[in-house]
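There are 2 protein chains.
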Amino acid sequence: MEAVMNRTWQPCAALIVAGGSGRRMGLSTRKQFLSLCGRPILQRTLTAFDRHSAVAEIVLVLPKEEIAARGEEIRQMWGLTKPLRLVAGGAERQDSVRAGLAAITAGQEWVLVHDGVRPLVTSALIERVLESARITGAAIPAVPVRETIKSTVDGWVGETLRRERLVVVQTPQAFRIELLRTAYDRAFDTAEPATDDAALVERLGEPVAVVCGDERNIKITTLIDLKIARIWLQEEETHANRAGL
Amino acid sequence: MEAVMNRTWQPCAALIVAGGSGRRMGLSTRKQFLSLCGRPILQRTLTAFDRHSAVAEIVLVLPKEEIAARGEEIRQMWGLTKPLRLVAGGAERQDSVRAGLAAITAGQEWVLVHDGVRPLVTSALIERVLESARITGAAIPAVPVRETIKSTVDGWVGETLRRERLVVVQTPQAFRIELLRTAYDRAFDTAEPATDDAALVERLGEPVAVVCGDERNIKITTLIDLKIARIWLQEEETHANRAGL
Numbered sequence: 003m004e005a006v007m008n009r010t011w012q013p014c015a016a017l018i019v020a021g022g023s024g025r026r027m028g029l030s031t032r033k034q035f036l037s038l039c040g041r042p043i044l045q046r047t048l049t050a051f052d053r054h055s056a057v058a059e060i061v062l063v064l065p066k067e068e069i070a071a072r073g074e075e076i077r078q079m080w081g082l083t084k085p086l087r088l089v090a091g092g093a094e095r096q097d098s099v100r101a102g103l104a105a106i107t108a109g110q111e112w113v114l115v116h117d118g119v120r121p122l123v124t125s126a127l128i129e130r131v132l133e134s135a136r137i138t139g140a141a142i143p144a145v146p147v148r149e150t151i152k153s154t155v156d157g158w159v160g161e162t163l164r165r166e167r168l169v170v171v172q173t174p175q176a177f178r179i180e181l182l183r184t185a186y187d188r189a190f191d192t193a194e195p196a197t198d199d200a201a202l203v204e205r206l207g208e209p210v211a212v213v214c215g216d217e218r219n220i221k222i223t224t225l226i227d228l229k230i231a232r233i234w235l236q237e238e239e240t241h242a243n244r245a246g247l
Numbered sequence: 003m004e005a006v007m008n009r010t011w012q013p014c015a016a017l018i019v020a021g022g023s024g025r026r027m028g029l030s031t032r033k034q035f036l037s038l039c040g041r042p043i044l045q046r047t048l049t050a051f052d053r054h055s056a057v058a059e060i061v062l063v064l065p066k067e068e069i070a071a072r073g074e075e076i077r078q079m080w081g082l083t084k085p086l087r088l089v090a091g092g093a094e095r096q097d098s099v100r101a102g103l104a105a106i107t108a109g110q111e112w113v114l115v116h117d118g119v120r121p122l123v124t125s126a127l128i129e130r131v132l133e134s135a136r137i138t139g140a141a142i143p144a145v146p147v148r149e150t151i152k153s154t155v156d157g158w159v160g161e162t163l164r165r166e167r168l169v170v171v172q173t174p175q176a177f178r179i180e181l182l183r184t185a186y187d188r189a190f191d192t193a194e195p196a197t198d199d200a201a202l203v204e205r206l207g208e209p210v211a212v213v214c215g216d217e218r219n220i221k222i223t224t225l226i227d228l229k230i231a232r233i234w235l236q237e238e239e240t241h242a243n244r245a246g247l
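Chains as they are written, first to last, in our numbering: chain V, 3 to 247; chain C, 3 to 247.
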C-alpha cells in the first residue's frame, strides 16, 4: 500500500551526467553535443526526462567550459520546461555525480541518474526504474548478455562465466537520494573506482533491484555508436509511421 | 623454433558453423543467407577463409534442407577455390560442431571453428588466432567488455563484476584438432551446455590463449545487427578509398 501511495505523489530529480571530456572520438565537438538526426544527443536525453511527469527538476552536469559556452543555448533553445540547474563536473564520473547530487533541491526524495550520451531512453524505461526504486530504494535497468564472457589472466582464459545470470547494466538508475548520498560519501573514503552508481550502493550492503532495460538504450561513445543510434531512431520512425502515428 | 617451423608448413581446416535454424529474425530466409551489401552473409564468411593461405579445406555445417536447396549454388556460384564439404547440422550448436569435426580430412592437425554469421572476420584476425594456437594448442579472439556487467539473483543484483579482467569472446577459435575432438567427446558425457568451443577445452583443464579480437567482427543475429554490419563495411570502403586502394 505504501508503495502505491508513494507512486502517485512523489516527484523526483533527474541527474544527467555529461561531465566527461568526451573527446575520445577525436572531434572538436564533445560527443554529447553531436547531432543525432538533427538534434544534439544531449538535447534528446534531456527532453526525455523533461517530458516525464514524475520529473520535477533536472540537474545537468557539464564540463565547466561547456556551461560557459552553451549554457544559454541549452536554457533558451532546447525547449525544456522543468527547472534546470547546470553544475560543473569533476575529473572523474564519480566527482561529477557527487557535484550533481549536491545541487538537487532539498526535500527531493528520489533521483534518477542517467548518462547524457544515452539519448534513446524512453518514458517507459524511466517509469519502470522509478516504480521499482520507490518500492525497493534502488533500481537499475539491464539487458541480458548475448555474447560469451570470460575472465582473463595474463593472456589466458581464467574462466567462462555462466551467461544466464549475467546482465549488461544501463541507466537511468533510480535511488532514494539519501541512500545514494551515503553511498557516495562512503565511496570517497576508498580508492576503489566504480563503473556505475549502483555499485556504490551495493558496497553499503543495500539491495539493488534489476528491471528490464531496453536494447536500444545504448551509450554513444564512438562514431559507430552514433550511426547505430541513428538506425534505432529510424526504426522507431518506421514503426510510428506504420502505426499511423 | 618449433612454433616457427609449424607456422610455415602446416595447413588447417576451417569449420564454419551455420547449422542453426536462424529464423529468430522472423524472415523466410535463414539469416546466414541474407544479403549484406550485395552478397550473402555466409558467402562473405566463407570467402574470408577460402582466401587465407593456411586454410586447406572448408567444412560447412548447414541445416539439412539448405544443403539440398542451396548446396549447388554454394559450390558453383560463390567463387570458392578450396575443397569444400557440406555437412548436415544437428539440433544444437554442439551437435553441429561435432558433425563438422567428424568430416575433416584425416591427418589435418589444426582447425578454425567460426560462426557462419560473422562475415566481417578478417585475414589478420584468422592469422592471429592461428599463430597463437600453433604455439599454445588452443586460442580464441576477444575484445574488452565496455559496459558494466552484473550478476543477478531473482531480480536483484548479485554482484558487480570487475570489468577490467572481462572480455567478450568471438570466433574464429583455433585448436589442435585432437584436443577439440577430445573436448567434444567429453562434453557429450555431461549435460552442461557450453556457449563456445573453448569452454569445452577449458573443462579438460587445458589452457586456452586469448588474442586481440576485432570489434567489427560481430555476430549477426538480428536485423539491427545486419544494419550495423553494413555500417562497418561502408567504413572499410571509405578507408580503402582514402588510402587509394
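Please keep in mind that the hints were generated in silico from the structure rather than gathered at the bench. Hints may be right or wrong, so weigh each one.
[Unchecked claim] No more than 16 Å apart at the CA atoms, straight line, and that leaves these computed lysine to aspartate or glutamate pairs for EDC-like: (1) C:K229 to V:E237; (2) V:K84 to V:E133; (3) V:K66 to V:E111; (4) C:K229 to V:E217; (5) V:K229 to C:E208.
All values reported here derive from a predicted model rather than from experimental measurement.
* Enumerated hints in conflict with the structure, sorted upward -> 2, 3, 5
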